[in-house]
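Residue numbers (the UniProt record's numbering), protein chains in the order written: chain A, 1 to 147; chain B, 1 to 147.
Please keep in mind that the hints were generated in silico from the structure rather than gathered at the bench. There could be a bad hint or two in this list.
[Unchecked claim] DEER-style ranges, computed between Cβ atoms: (1) B:Gly12 <-> A:Asp71: 40 to 48 Å; (2) B:Arg32 <-> A:Lys113: 33 to 41 Å; (3) A:Glu44 <-> B:Cys145: 16 to 24 Å; (4) B:Asp76 <-> A:Gly12: 24 to 32 Å.
The C-beta atom is built at its ideal place from N, Cα and C for all residues, glycine as well.
Number of protein chains: 2
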Amino acid sequence: MVTIAFEDLTEGLVVPLGEVKIDREDMLEFARRFDPQAYHLDEEAGRRSVFGGLSASGWFTASLWMRAYVDHLIGDSTAQGSPGGRELSWLAPVFPGDVLRCEVTVVGARRSKSRPGLGIVELSGTANRGDECVLRFTFAGLFGCRE
Amino acid sequence: MVTIAFEDLTEGLVVPLGEVKIDREDMLEFARRFDPQAYHLDEEAGRRSVFGGLSASGWFTASLWMRAYVDHLIGDSTAQGSPGGRELSWLAPVFPGDVLRCEVTVVGARRSKSRPGLGIVELSGTANRGDECVLRFTFAGLFGCRE
Chain A
1 MVTIAFEDLT EGLVVPLGEV KIDREDMLEF ARRFDPQAYH LDEEAGRRSV FGGLSASGWF
61 TASLWMRAYV DHLIGDSTAQ GSPGGRELSW LAPVFPGDVL RCEVTVVGAR RSKSRPGLGI
121 VELSGTANRG DECVLRFTFA GLFGCRE
Chain B
1 MVTIAFEDLT EGLVVPLGEV KIDREDMLEF ARRFDPQAYH LDEEAGRRSV FGGLSASGWF
61 TASLWMRAYV DHLIGDSTAQ GSPGGRELSW LAPVFPGDVL RCEVTVVGAR RSKSRPGLGI
121 VELSGTANRG DECVLRFTFA GLFGCRE
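Whenever a hint applies, use it, and build me the whole structure from the sequences.
If you want it as C-alpha cells, here you go:
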C-alpha cells in the first residue's frame, strides 16, 4: 500500500523536501557530462562571466531538486510521470557549497476526465538559498487515485 | 574570437544539433542518482507503468539535449546563461536504444535595454524520435553582442 495518492495532494499543501548541498566535484562531473560551458567548468571563466564565479548547470540544480522530490514525496506514491512544466526558472546562479532548501507546493488538482483513476496535480517546486529562491519549476504531475 | 554572437541568432534560424542515442546504462545511472522512481529503474515496474516500459527520466533527456546544444551551437559562443524557460514538455516516454534528433529554433531576439551589450534570444529546443517530438524546451538565452 502506497503512502501518497492523488487524494492527498490538495491545493495549498506545502511539502518540505529537505536540503541539498552543492558538492563541487558532483557539480563539475555533471557539467563535464551534460553542460560543458566554460563558466560551469573553469574557475577563471566563471569569475569573468555574468555569474561572477564557477556556477552549477541549471540542469544539475533541477536534477538535485528532482531527487529531493522523489526522496521526500513521490518515491512512495502513485506517481505516473509528468507531461512537463510551464515554468522552469533559474533565478540566481548556484555555487559550490551552497545549501538549497527544497520545497513543493500543490497549486491545483483535478481528476482526469479522459483517464478515470488518474488525477492531474499542478505543482510548484522551489529551491531556496536562505531567503533567495534560486530555482522554480511549475509543472503537472499525474497520480493514481486511491479510490 | 568566438563563432556565434547575438547578431547571428536571428528569428527563424533552425540549427540541427545532431543525434543522441539513449544508452541503457547511462540512463539507469542518471535515474539512480537523480530520479530513482521504480519505472525509471526496473524493467517490470516500467512495463506496469503508463509508459509501458523502462523509461528515461525526463531530466536525463533534457540534459542530453543540453549537451547537444552546447556541442553544436553555444560551446563556442558569447552565451551568458539562461534565466529559464516557459515550457518544458515531455511529450512521450523515451526508451533505451532510442535515437533522438536534436534541434533548436530561434523564436525571437532583442537587445537588452537594461544591459547594453547583451541580447535576449528566445529559443525552442526539440528532440525527435523519427517524426515524433519527445521533448520541447522553450527558453530564453542571453548572448553577448559582437558590436
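Of the hints given before, which are not true for this structure?
-> 4
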